[in-house]
Amino acid sequence: MEAGEANVLTVCPFCACGCGLYLQQVDAVLTGVTPSEHHPVSRGRLCTRGWAAHEASLWGHRLTRPLVRHGGIHEPTDWHTALRHAANLLTDILASGSSIGVLGSGRATNEENFLAVRLARGALRTGHVDSCTRASYQALLAGVSESASACNLDSALKDTAHCEVILLLEGDIADTHPQAAHAIMKAVQRGARLVTMGPVKTRMSRLAWLHLPFVPGGESAVAAKFASVAERATSDNRAADGMAANLPVGSLPASTHLISSAQLQRAVEAYTRASRAAIVLAPTSAAAPWLRAIATAFARLAAGTRQLQRPGSVLLPLPCRSNTRGALEMGAAPHCLPGCRALTDDAARSRLLRVWGSELAAERGLDIEAMLSEVRGLIVLADDPPLALTSEEAGRRALSKLECLIVLDAFATPTAELSHVALPIGSSAETDGTVTSMEGRIQEVRACTPPPGEARPGWWVLNELAAALGMSKTHESAQDVFHDILVAVPEYASAVSSEESTPHGCLGVLPGILGDPQAKVAESAGARDSSREALAALRTAVDGTVGFPFLLVQVGSFEWEDDALVAFSPTLSRDHRSRSRLWPDGYVQMNTGDADRLGIRDGWRARITSDRGEVVIPVRLCEDVEPAMMLVPFAFRDQLEPVLKCEVMAAVNVERI
Amino acid sequence: MRPDDALSIAREDLPEWLALLGTRAQMIAPTSGPHGDVFYSPVSSPDEILWEFENSLQPPKRFLLPQTDPLVKIHSDGGRFHLEPVCDDRRQILVNLRSCDLKGLLYLERVHTYDLPDPSYLRRSENRSLVSLACTEPCPPGFCICCDAGPFLRHGFDLQMTMLSDRMFVEVGSDKGRSLLEGAESMFRPATPDEIAKREALEAAARDHFKTETCHFGSAMRRISTGRVAEELWEAMGDWCLECGGCTLICPTCYCFSVKDRRVDEGWVRCRTWDSCQYAAFTLEASGHNPRPGRKDRMKRRFFHKVSAQYYQRDGDVGCVGCGRCIKVCMGTTNMPAVVEAIRKGEWHG
Ligand code: SF4
Ligand code: SF4
Chain A
0 MEAGEANVLT
10 VCPFCACGCG
20 LYLQQVDAVL
30 TGVTPSEHHP
40 VSRGRLCTRG
50 WAAHEASLWG
60 HRLTRPLVRH
70 GGIHEPTDWH
80 TALRHAANLL
90 TDILASGSSI
100 GVLGSGRATN
110 EENFLAVRLA
120 RGALRTGHVD
130 SCTRASYQAL
140 LAGVSESASA
150 CNLDSALKDT
160 AHCEVILLLE
170 GDIADTHPQA
180 AHAIMKAVQR
190 GARLVTMGPV
200 KTRMSRLAWL
210 HLPFVPGGES
220 AVAAKFASVA
230 ERATSDNRAA
240 DGMAANLPVG
250 SLPASTHLIS
260 SAQLQRAVEA
270 YTRASRAAIV
280 LAPTSAAAPW
290 LRAIATAFAR
300 LAAGTRQLQR
310 PGSVLLPLPC
320 RSNTRGALEM
330 GAAPHCLPGC
340 RALTDDAARS
350 RLLRVWGSEL
360 AAERGLDIEA
370 MLSEVRGLIV
380 LADDPPLALT
390 SEEAGRRALS
400 KLECLIVLDA
410 FATPTAELSH
420 VALPIGSSAE
430 TDGTVTSMEG
440 RIQEVRACTP
450 PPGEARPGWW
460 VLNELAAALG
470 MSKTHESAQD
480 VFHDILVAVP
490 EYASAVSSEE
500 STPHGCLGVL
510 PGILGDPQAK
520 VAESAGARDS
530 SREALAALRT
540 AVDGTVGFPF
550 LLVQVGSFEW
560 EDDALVAFSP
570 TLSRDHRSRS
580 RLWPDGYVQM
590 NTGDADRLGI
600 RDGWRARITS
610 DRGEVVIPVR
620 LCEDVEPAMM
630 LVPFAFRDQL
640 EPVLKCEVMA
650 AVNVERI
Chain B
0 MRPDDALSIA
10 REDLPEWLAL
20 LGTRAQMIAP
30 TSGPHGDVFY
40 SPVSSPDEIL
50 WEFENSLQPP
60 KRFLLPQTDP
70 LVKIHSDGGR
80 FHLEPVCDDR
90 RQILVNLRSC
100 DLKGLLYLER
110 VHTYDLPDPS
120 YLRRSENRSL
130 VSLACTEPCP
140 PGFCICCDAG
150 PFLRHGFDLQ
160 MTMLSDRMFV
170 EVGSDKGRSL
180 LEGAESMFRP
190 ATPDEIAKRE
200 ALEAAARDHF
210 KTETCHFGSA
220 MRRISTGRVA
230 EELWEAMGDW
240 CLECGGCTLI
250 CPTCYCFSVK
260 DRRVDEGWVR
270 CRTWDSCQYA
280 AFTLEASGHN
290 PRPGRKDRMK
300 RRFFHKVSAQ
310 YYQRDGDVGC
320 VGCGRCIKVC
330 MGTTNMPAVV
340 EAIRKGEWHG
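For the record, the sequence lines run as chains A and B.
By numbering that gives the first Met the number 0, the letter at position 522 of the first sequence is numbered 521, and the numbering carries on one by one without gaps.
By numbering that gives the first Met the number 0, the letter at position 95 of the second sequence is numbered 94, and the numbering carries on one by one without gaps.
For the record, the hints were derived by calculation from the structure and aren't laboratory data.
Be aware that one or more of the hints could be misleading.
To be verified - In silico DSSO-like cross-links for lysine-lysine, where the CA-CA straight-line distance does not exceed 27 Å:
1. K259(B) <-> K210(B)
2. K185(A) <-> K200(A)
3. K197(B) <-> K185(A)
4. K344(B) <-> K295(B)
5. K157(A) <-> K185(A)
6. K344(B) <-> K327(B)
7. K157(A) <-> K327(B)
8. K72(B) <-> K185(A)
9. K200(A) <-> K157(A)
10. K259(B) <-> K72(B)
11. K295(B) <-> K200(A)
12. K400(A) <-> K185(A)
13. K210(B) <-> K175(B)
14. K210(B) <-> K197(B)
15. K185(A) <-> K259(B)
In this text the structure is predicted, and so the values were computed from the model without any measurement.
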């Protein structure tokens, strides 16, 4: 290929499906995207986001020079000064006995996350390390691995496309995980029966054989119902063995009354009888304990009906972002070491000692929400954390109160604006490394163009920062870091060594979910309890129907719209920009028939009252919302705060004003 | 075919001729990218050129209409803005184009010529020479024969090549094409009657491949042009579209665009970028009103432009060259042959 133009095979930076694409550059400027026709996941297909994978890097507001805040103003400086300044700020905080946290990212590579964890546990000697989209994914994983530790994901999407029955828990998978939606569509085209489950009818529901309406918090009840119907439906004794045990089945008014027993019976019978069937679980709610309970219940259903043992059957939890899974497996989590090893795992610790060249803090740290209220210093890698927090506004307030906020990012995000030191790193189009897809594919990300201005690859910056904090070992390249990962995480080493070549940049496929049984047992009891609590809250909300006849539910745990990769893409940000211009105060969605009865028209403002407080907010009408329910998009959770008070649902009254 | 328009060259002489062309212009040809993916890209030696290949997923359209296309440089000196057109004057010879793709470029040339001529596009096209390689073995997903876009072309090319056993049959379709032979006259000779007969036989055999038709534009066109496609059918088909835009971005005849300004140094560069009528925000108005709010509305729009008699008259052809790419890239299932068939039969089953 002649100089001046190149097509570089890499991985889509958005969701966790792991589609392969070529970024194209002419004279070192990104110009576009070409799908990879033979890539095993995407086979030439990309969603809207994939097609715009070059846009944020090209059009976005980029950080191009290290910035240091002086007197409230960011001033450009050189790398040496910026790094020294950052190290001094951090050392001062440590010296004063206060704590520092580090956030990895589902938008960063495995290498960057691994080094961020090294920075936390190695250089800063703290367990306060997490990443934004970890909690919801981990909740699903923990639930799944309780009952189905052997679940194989390595060709989950391909297998799903050939399943006969698919149970899909989703918000709107056609938007969140389009390649998975495609696999399901293919299955439906081949005659599969699709059962969608969620609070609202989605694009996939329109293709479904059955739609089972239920709300976050009700999933586990539905799953428990599934399990008990399945017990009856199967003659296999093992199936009956405790499937419904430990699941809160009692009287569950909110969601389960929406579903007729006949519908449920049909879904379960179809699932049980299918020669291969899939359960696909998206992180539909920000309430992690609930997600965990749902995943547990569905995993039990899958294991109890022995579907999981059938070749080609699938149980697939979906991570939000391209490398949410990798970030967790690199150890960007307060409760485990890289490789999802227990903090007490001596073998894991000695492996880390070997590659990090330093002792490490093996204590359990704070998660991201707790961190923001406790730590005085925070290092943020490639993310805008408030977007994923219970309250975005409170998150921003917390960030602005920090004594030291160090941000490594390619983009001038709102978090970078608040930083004391901003360190510009290459975007996904300018970085070498690897990411791990939802199926466990360890795929290469390749730099197509050099980072702009003074920006440097993330691994380089993390190395330098660690060095400035006294870590001796450094790396020469992203590959060098990957070699350390292979030592630290044996599953990665065996996945990689089992592949001789690297077709389409896939270095290897992990056989299943990584996870430490110890960690699971330790956590599971607590999670089941909180699931009971959650259901109790739901019951209260709905039992108190006198005066509060609607159930207001916040849906989703992550929205793309404000994310830098979308917000800085001219093509992808159009709908969202228009939405925030038209609805600056946010809105809630309501069933059209309900609105008619109350005399509320589309776009009118209504007063919404719960026992916690009230707000006045525009209402948008939607046929696909269930009667007696109102939905709060995740992006508008702050606007509903007076009513929800940081919970994901409330029983409310609605009045026209 | 006029006798002096039909020539042939020994296959072993091809590299020498192409190398000669390479000294006059940048050569764009199908190349083998990593992992079996084929790309049209600049080549520095004839050795890199593929002669037998599965057509590239990305059509060569981008050499005329790049995904990000700088049009105007803008800078300001205090109060005044200065505009300076960005001119792509590179000479390029596109070699081994598939018939359908060449037909696509002719379509684009027409839409950028009539009504409001597009100087940026036309300047590029002026500087491009199009050399096609006739499809003696039609590709599996293709249905070019339904669109009069292959497997062989009758006109529109600068040169059309057909691979015979030991020689390459070369048809000259334009003066631009003839100029590509200059300096290589000794390598070419008029085609013999036998070669002409072989070429005709190859074309007949290639056409024979398409025995059972997959795509019936005629009856679909009648229904679409007269509004005889039920709303329910559009709606049902819309349900099977995931709005990725792939079908239009990858289409050799699609040219929807947006305009965006990119900050560069002290000024801006105004760029035309690919866009898709399948994106909800493509027609979103500032008021929030969207004339095509639903998937069915956008799908209807896409097929009305591509298949209606109204547009056939305006654009001079159906907006489809039968390359089959939309079958490969579709995130859903609503590719051209599937939708045309559904319209013809009045029913859709996914
Ligand atoms: S499905 Fe996911 S990975 Fe694939 S192109 Fe879309 S956002 Fe990227
Ligand atoms: S390629 Fe298919 S899914 Fe994508 S916009 Fe076109 S019709 Fe819709």
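Here is how each hint holds up against the structure:
1. Restraint check for K259(B) and K210(B): not satisfied, since their Cα atoms lie roughly 46 Å apart, outside the 27 Å limit.
2. Proposed proximity of K185(A) and K200(A) is supported: the alpha carbons are some 19 Å apart, at most 27 Å.
3. For the hint pairing K197(B) with K185(A), the CA-to-CA distance comes to about 43 Å; that exceeds 27 Å, so the pair is violated.
4. Taken as a hint, the K344(B) and K295(B) pair is honoured in the structure, with Cα atoms around 18 Å apart against an allowance of 27 Å.
5. For the hint pairing K157(A) with K185(A), the CA-to-CA distance comes to about 10 Å; that is within 27 Å, so the pair holds.
6. Restraint check for K344(B) and K327(B): the C-alpha separation of about 23 Å stays at or below 27 Å, so the hint holds.
7. Restraint check for K157(A) and K327(B): satisfied, since their Cα atoms lie roughly 16 Å apart, inside the 27 Å limit.
8. In summary, the hint linking K72(B) to K185(A) is not supported, as the alpha carbons are separated by about 46 Å, beyond the 27 Å threshold.
9. A distance of roughly 25 Å separates the Cα atoms of K200(A) and K157(A); the hinted pair therefore holds under the 27 Å criterion.
10. Distance hint between K259(B) and K72(B) is fulfilled; the C-alpha atoms sit about 12 Å from each other, no more than 27 Å.
11. Of the supplied pair hints, the one linking K295(B) and K200(A) holds, its CA atoms being roughly 17 Å apart against a limit of 27 Å.
12. Annotation: proposed proximity of K400(A) to K185(A) is violated, straight-line Cα distance about 50 Å (limit 27 Å).
13. Taking the CA atoms of K210(B) and K175(B), the gap is about 35 Å. The hint is violated against a cut of 27 Å.
14. Between K210(B) and K197(B) the CA atoms are separated by roughly 21 Å; this keeps the pair inside 27 Å, and the hint holds.
15. The suggested pairing of K185(A) with K259(B) is violated, with an alpha-carbon distance near 36 Å, which exceeds 27 Å.
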